[in-house]
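Undergrad: Go by the hints and put chain U onto chain E.
Chains as they are written, first to last, in my numbering: chain E, 1 to 359; chain U, 1 to 359.
Simulated from the structure, these hints should not be mistaken for lab results. It cannot be assumed that every hint is accurate.
[To be verified] BS3-like cross-link-like pairs, simulated, lysine-lysine; straight-line CA separation at most 30 Å:
| # | chain 1 | residue 1 | chain 2 | residue 2 |
| --- | --- | --- | --- | --- |
| 1 | E | Lys11 | U | Lys27 |
| 2 | E | Lys27 | U | Lys126 |
| 3 | E | Lys11 | U | Lys11 |
| 4 | U | Lys11 | U | Lys126 |
| 5 | U | Lys231 | U | Lys11 |
| 6 | U | Lys11 | E | Lys27 |
| 7 | U | Lys33 | U | Lys11 |
| 8 | U | Lys126 | U | Lys33 |
| 9 | E | Lys11 | U | Lys125 |
| 10 | U | Lys231 | E | Lys311 |
| 11 | E | Lys33 | E | Lys11 |
| 12 | U | Lys311 | U | Lys345 |
| 13 | U | Lys27 | E | Lys126 |
| 14 | U | Lys231 | U | Lys345 |
| 15 | E | Lys33 | U | Lys11 |
| 16 | E | Lys27 | U | Lys125 |
| 17 | E | Lys231 | U | Lys311 |
[Unchecked claim] Estimated spans, in silico, between C-beta atoms of each pair:
| # | chain 1 | residue 1 | chain 2 | residue 2 | range |
| --- | --- | --- | --- | --- | --- |
| 18 | U | Lys33 | E | Glu129 | 21 to 29 Å |
| 19 | U | Ser342 | E | Asn235 | 33 to 41 Å |
| 20 | U | Val168 | E | Tyr239 | 26 to 34 Å |
Glycine residues also receive a C-beta, built at the ideal position from the N, C-alpha and C atoms.
Protein chains: 2
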Amino acid sequence: MNDFVFHSPTKFVFGRGYVDRTGTEMKQLGFEKVLVVYGQGSVERTGTLERVLASLDEAGITYVEAGGARPNPEVTFVREAIELARTHEVTGILAVGGGSSIDAAKAVSFGVPYDGDVWDFFAQKKPIEECLPLAVVLTLPAAGSEGSGSCVVSNDAENRKLGVSGDVFRPRLAIMDPELTFTLPAYQTAAGITDMIAHVCERYFSGVGAVPLTDGIACSIIRTLMSEAPKVLANPNNYDARANIMWAGTLAHNDLAGCGRSLSPTVRAGGWESHALEHELSAHHTEVTHGAGLAVVMPAWMRHVWRHDTKRFLSFARDVFGIEPEEGYESHRDAVYDAVTSAIKELQNFFGSIPKPVG
Amino acid sequence: MNDFVFHSPTKFVFGRGYVDRTGTEMKQLGFEKVLVVYGQGSVERTGTLERVLASLDEAGITYVEAGGARPNPEVTFVREAIELARTHEVTGILAVGGGSSIDAAKAVSFGVPYDGDVWDFFAQKKPIEECLPLAVVLTLPAAGSEGSGSCVVSNDAENRKLGVSGDVFRPRLAIMDPELTFTLPAYQTAAGITDMIAHVCERYFSGVGAVPLTDGIACSIIRTLMSEAPKVLANPNNYDARANIMWAGTLAHNDLAGCGRSLSPTVRAGGWESHALEHELSAHHTEVTHGAGLAVVMPAWMRHVWRHDTKRFLSFARDVFGIEPEEGYESHRDAVYDAVTSAIKELQNFFGSIPKPVG
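Chain E extracted, bound-state conformation (with noise of 0.2 Å):
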């Protein structure tokens, strides 16, 4: 088990009808005037920004607001929203909605009491060092920034995606209320597992050795995604299910899945391939979808690499598949082979048989 630092303070709170909560759970902590970041009507539609900031009313927190962040969040919708920010002067920061939301919101966060321009951070030409606290209210769950310390935004004028990290700037608040995904179509429940599994998977083919407690936790993870899909897919209301795949979603992401993966303590476990490909496919072409790129991407990526990492996709094969070499093959070598492209196989089944994110 290699060395790691795990800090992950977010209060998750994480129950039925629990939006109406937001205010009194924020006023607890100490918000008091905030910057409201949201999407780009998803959340008006559907009635949760009403509700939302009802009860920042309620408890007697002031704010201003910035919707409009689209998926893929840009910085110059980032850039806008700090100025909006400093000129209220807000003292918080609150998304509501899914990843692009929430990752907008953390840009501004950080963005807000630097004196420089916010793609900085993104072109590393500066650390993060202070942001303004932020709460969550999660409609999407996918990408896990509810709890993790990843922030990715755009640059369509230089044509680049890119994604800072730091326990800085990760949520102080989430409430997590699974009744909000109810109403999620299809397509976009998932293209948000896909993007969880791939979370996980990131951080189990790090090139560390097993490390039973967290490869024991990844695998339940990414099993749980698989088992609770179709439930979701069959009846959409089924709030045991969409409750486990939102927190499924948050522990995907917020490095405890990734404990004693790492190559180095302040660095995030995982090589990130898939990831770094898929962001260069939505870069170029915003109108896919994250999730939707990384279902494509993946599977491609582990028949590519697998053999660099046998012994791994070994584990992989049997933890999550329960797919083991079968024995009386000629050689062990096509036994293995068999395994795990079986396993590949299932997984880009399961991508398969939930709405097809790619025609």
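TA: Below, chain U without anything else, positioned relative to chain E:
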């Protein structure tokens, strides 16, 4: 999945030789003048205390020492340490040791800012709302107190051993250096592992239905402990096994293994029947190690109650031991009886296979 609040804000700094980082890490979090709470000599004999104090000196953190916390720490020790902390006007607490030292330190941390007697909190006369910040150097993985919102203290005069819960007194920092556990005697190693398994089981058998993600994590923790235990008992210097056990001890009790299994989001998951029975035992017989008591109590409790939640015990049998009811029995009832009692027997065999906690 039932509603829950999960807030585990502790920064875990985990790795080889990390005990020497104690001062630096504490300084980063703002600790300046602390009371160092420890036990009855082992941290002095092993040289751990010396290394910790040297790192405090180096970081410019001043300190006062309060050694002598006994196993099942006693409230008179806590009261004296509170006085010492007040006299020297410390602004933080550092525990060096296992659950007993940490629990004593926690009681000091919320006792200092309170005008009345610290036992009031345990006697449920007063809720815990305030505490001095607490850091921990863990030397004995067992109680999980380095990450938990639990604190158990004995009161000899009243023949009582009582616990309190609350997120407010969770440690801010936990230094976890598995190398410190190389010198742990086999008996204490085994008692610690028993305690960890019990922490997971209390939550698993909470009377709430299946929560696939939480249950998967719970069973991963138990399976890891069972697979790593023989390795450290065969070779006490097996770093990876020691590290997996140390981290398992934290996750067994920081409430991750209970998410969605609470009857109320503000109450910890589980009925804690085995712990309650064991606390009575060791309140009257302070020489009984907590883990040792649990190894006797828990399987007996399981045999007594399993018929009240057969489905749950069948899941436990399957997911921890791979035992399923065999077909071909005269009655399904016999097959279920056999599967469940086999699993309980396996657990008891495991407790028997590690150094026997009781003669």
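Undergrad: State for each hint whether it applies.
TA: Hint check results:
no., hint, in the structure
1, E:Lys11 / U:Lys27, "holds, 24 Å"
2, E:Lys27 / U:Lys126, "holds, 23 Å"
3, E:Lys11 / U:Lys11, "holds, 14 Å"
4, U:Lys11 / U:Lys126, "holds, 28 Å"
5, U:Lys231 / U:Lys11, "holds, 28 Å"
6, U:Lys11 / E:Lys27, "holds, 24 Å"
7, U:Lys33 / U:Lys11, "holds, 19 Å"
8, U:Lys126 / U:Lys33, "holds, 27 Å"
9, E:Lys11 / U:Lys125, "holds, 27 Å"
10, U:Lys231 / E:Lys311, "holds, 21 Å"
11, E:Lys33 / E:Lys11, "holds, 19 Å"
12, U:Lys311 / U:Lys345, "holds, 18 Å"
13, U:Lys27 / E:Lys126, "holds, 23 Å"
14, U:Lys231 / U:Lys345, "holds, 22 Å"
15, E:Lys33 / U:Lys11, "holds, 28 Å"
16, E:Lys27 / U:Lys125, "holds, 27 Å"
17, E:Lys231 / U:Lys311, "holds, 21 Å"
18, U:Lys33 / E:Glu129: 21 to 29 Å, "holds, 25 Å"
19, U:Ser342 / E:Asn235: 33 to 41 Å, "holds, 36 Å"
20, U:Val168 / E:Tyr239: 26 to 34 Å, "holds, 30 Å"
Of the numbered hints listed earlier, not one is contradicted by the structure.
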